[in-house]
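Trainee: Spelled out from the first residue to the last, the chains are:
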Amino acid sequence: MARAKQSKQIKQVKGKDKFLVAVEYLTEYTGVRGAIIADSEGMVIVSHGGSSFDADYYAALSLDIFETVKAPLRRLFEPEVEFLSIKTPVDWLTLAWSEPLILIVAAQRQADDLLNIRISRSLEMIAANVKEKYPILLNTKPANSKNEKSLEEIHV
Amino acid sequence: MIDVVEIEDRIAKCEKILASDPQSQIFAALADAYRKKGDIARAFEICSQGLKIFPEYSSARIVLTKILLARENYEQAGVELERAIEHSGRTRSTDILEAEILIRRGLKSEASAIIDRLSGTDPDDENVKRLMELIDKEETKSIPIDPRWAAPEYQPAAGATPQPRVERRNMSLAQAIGVLKVMPRVMGALAVGKEGLLLEARFDSAHSKEEFAALSKSMYDTIEQGLEKVKIGEAKEVLIETSSSKIWIQKRDKFLLVIYARDDVSMGALKLKIDDLFRGN
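So the protein sequences, as listed, match chains P and Y. What the first sequence shows, in our numbering, is residues 1 to 156, in sequence order. What the second sequence shows, in our numbering, is residues 1001 to 1281, in sequence order.
Worth flagging that the hints you see were computed from the coordinates, not collected in a lab. Certain hints may be false.
As the list claims (entries may be wrong) - Here are the computed lysine to aspartate or glutamate pairs in the EDC-like style, where the Cα-Cα straight-line distance is at most 20 Å:
1. Y:1236 <-> P:112
2. Y:1036 <-> Y:1009
3. Y:1108 <-> Y:1133
4. Y:1037 <-> Y:1082
5. P:87 <-> Y:1009
6. Y:1271 <-> P:39
7. P:87 <-> Y:1133
8. P:87 <-> Y:1008
9. P:70 <-> P:39
Stated by the list, open to error - With the C-beta cut set under 7 Å, the calculated list includes, among others, these residues of chain Y facing chain P:
10. 1127
11. 1197
12. 1198
13. 1207
14. 1210
15. 1218
16. 1219
17. 1222
18. 1229
19. 1231
20. 1238
21. 1240
22. 1270
23. 1272
Stated by the list, open to error - According to the in silico footprint, chain Y covers these stretches of chain P (three or more CB under 8 Å from chain Y):
24. 38-52
25. 55-66
26. 69-76
We put the CB at the ideal spot given by N, CA and C, even for glycine.
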């Protein structure tokens, strides 16, 4: 059942916002409560989910988590976080970075692991849309990284 | 069968090159030739001298590992192999050497995990067949455990975390961590106590394992605090991916299990192995 769903193509409706298509593609998957695309300051750009899904709250939380995980990783000589997945006994929260945006997916813990494939495809779609419609964003460093040092600066 | 004439010829050529250029890295080949000839003392002397000039020359570290194996100095052979892996990463050859060292040290369960994997990719490999024969011959020894944990009269200090055992396989935590560490593309496996202190670790990376443990615990705690705000329960698993690596933190009953791996690690295989080793912990 889940496999059959996974292979489903992203539906393109002419004129429909591609960011919205990307989040809807995720929320139609079994077990997904909601999906959000937020900017580097935690502001919601587009979201889709059930009535109890508080997109603003999740977006703010996700940015907080990203920021706090980044610092120790730099001490470990690791490059930036690209993907963070958190599983609790009932929930599964995924935060994925697609510069300069963050994709947030809240799902049930029991959702099929193949959801990761949908997340990858949504990220590709988001990246393509940013490149096509907002190329200027790719040339601007996100606000939260303006004071960051490169790995060489930190360790040399 | 080693061709003695060929070895002598190789030694002569290497000696000639080294005589004309004492800074040449040919010393590693020369030392290996002496090892094959059976002159272990000369091989050790040449390799040790050369490594003083080229301490990061991994091939020479591999040769020294083989020489130390021949001298039955298995502990030091393990140390040299770790250094070689640190500089140049894992290869099939380093895995074969590591398996042999583990067998010689009596750590059969850890060695078996490596041999199984090597055999899976090339069952006809003569080196793997030799290791299989060797593992049957060698005596099994227990892994030395920190005496603080092993002593029956030891009582942990208030608040301290006693070292857990992996009940499912009746393995010590050290053994289970060792099994995880030898999985392909795994650079480190750690068990971190509730206070962020290291309980057990096998770690290839240049980072300090103690620092890695503390930072992993710190990341986990931060995420936990964040989750409390949205009330979605306690984090059981956290997976952090960068472009080059993955850090997988799992909350077990008595410790955090932290796996540090390359980005192309097989998460499915790792998950199955962890489930198998730590079920009920």
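Trainee: Evaluate each hint against the coordinates.
Mentor: Right, here's what the structure says about each hint:
Restraint check for residue 1236 of chain Y and residue 112 of chain P: satisfied, since their Cα atoms lie roughly 17 Å apart, inside the 20 Å limit. Proximity of residue 1036 of chain Y to residue 1009 of chain Y is assessed by CA-CA distance (about 13 Å); at most 20 Å being required, the pair is judged to hold. Taking the CA atoms of residue 1108 of chain Y and residue 1133 of chain Y, the gap is about 12 Å. The hint holds against a cut of 20 Å. Restraint check for residue 1037 of chain Y and residue 1082 of chain Y: not satisfied, since their Cα atoms lie roughly 26 Å apart, outside the 20 Å limit.
A C-alpha spacing of about 62 Å is found between residue 87 of chain P and residue 1009 of chain Y, which places the hinted pair above 20 Å, so the restraint is violated. Note on residue 1271 of chain Y and residue 39 of chain P: the hinted pairing is violated, with a Cα-Cα distance of about 33 Å set against a maximum of 20 Å. A threshold of 20 Å between alpha carbons decides the hint, and for residue 87 of chain P with residue 1133 of chain Y the separation of about 43 Å lies outside it, so the pair is violated. With a CA separation close to 62 Å, the supplied pair residue 87 of chain P and residue 1008 of chain Y exceeds the 20 Å bound.
Proposed proximity of residue 70 of chain P and residue 39 of chain P is supported: the alpha carbons are some 17 Å apart, at most 20 Å. Interface hint at residue 1127 of chain Y: violated, since its Cβ lies 34 Å from the closest Cβ of chain P, which is beyond the 7 Å cut-off. Below 7 Å, beta-carbon pairs count as interface contacts, and residue 1197 of chain Y has none with chain P, the closest being about 17 Å; its hint is therefore violated. A hinted interface residue such as residue 1198 of chain Y counts as satisfied when its beta carbon comes closer than 7 Å to some beta carbon of chain P; here the least separation is about 15 Å, so the hint is violated.
With a least beta-carbon distance of about 6 Å to chain P, the hint placing residue 1207 of chain Y at the interface is held under the 7 Å criterion. About 13 Å separates the beta-carbon of residue 1210 of chain Y from the nearest beta-carbon of chain P, more than 7 Å, and the hint is not met. For the restraint placing residue 1218 of chain Y at the interface with chain P, the shortest Cβ-Cβ distance is roughly 6 Å, inside the 7 Å limit, so the hint holds. The closest approach between the C-beta of residue 1219 of chain Y and any C-beta of chain P is roughly 5 Å, which is under the 7 Å cut-off, so the hint is satisfied.
Evaluation of the residue 1222 of chain Y hint against chain P yields a held restraint, the C-beta minimum of about 4 Å falling below 7 Å. With a least beta-carbon distance of about 6 Å to chain P, the hint placing residue 1229 of chain Y at the interface is held under the 7 Å criterion. Residue-level restraint check for residue 1231 of chain Y is violated (minimum Cβ-Cβ distance to chain P is 10 Å; threshold 7 Å). About 5 Å separates the beta-carbon of residue 1238 of chain Y from the nearest beta-carbon of chain P, less than 7 Å, and the hint is met.
Taking 7 Å as the C-beta cut-off, the interface hint given for residue 1240 of chain Y holds, the closest approach to chain P being about 5 Å. With 7 Å as the threshold, the beta carbon of residue 1270 of chain Y stays out of range of chain P, its nearest partner Cβ sitting at about 13 Å, so the hint is violated. Nearest Cβ of chain P to the Cβ of residue 1272 of chain Y: about 13 Å, over the 7 Å cut. The hint is violated. Only residues whose C-beta sits within less than 8 Å of a C-beta in chain Y count toward coverage, and the segment 38-52 of chain P has 0 of them, not enough to reach three; the restraint is violated.
Look at the segment 55-66 of chain P against chain Y: 5 of its residues bring a Cβ nearer than 8 Å to a Cβ of that chain, three or more, so the hint holds. Residues of the segment 69-76 of chain P lying with their CB closer than 8 Å to a CB of chain Y number 5, which satisfies the three-residue condition for coverage.
Checked against the numbered hints given earlier, the structure breaks hints 4, 5, 6, 7, 8, 10, 11, 12, 14, 19, 22, 23 and 24 and satisfies all the rest.
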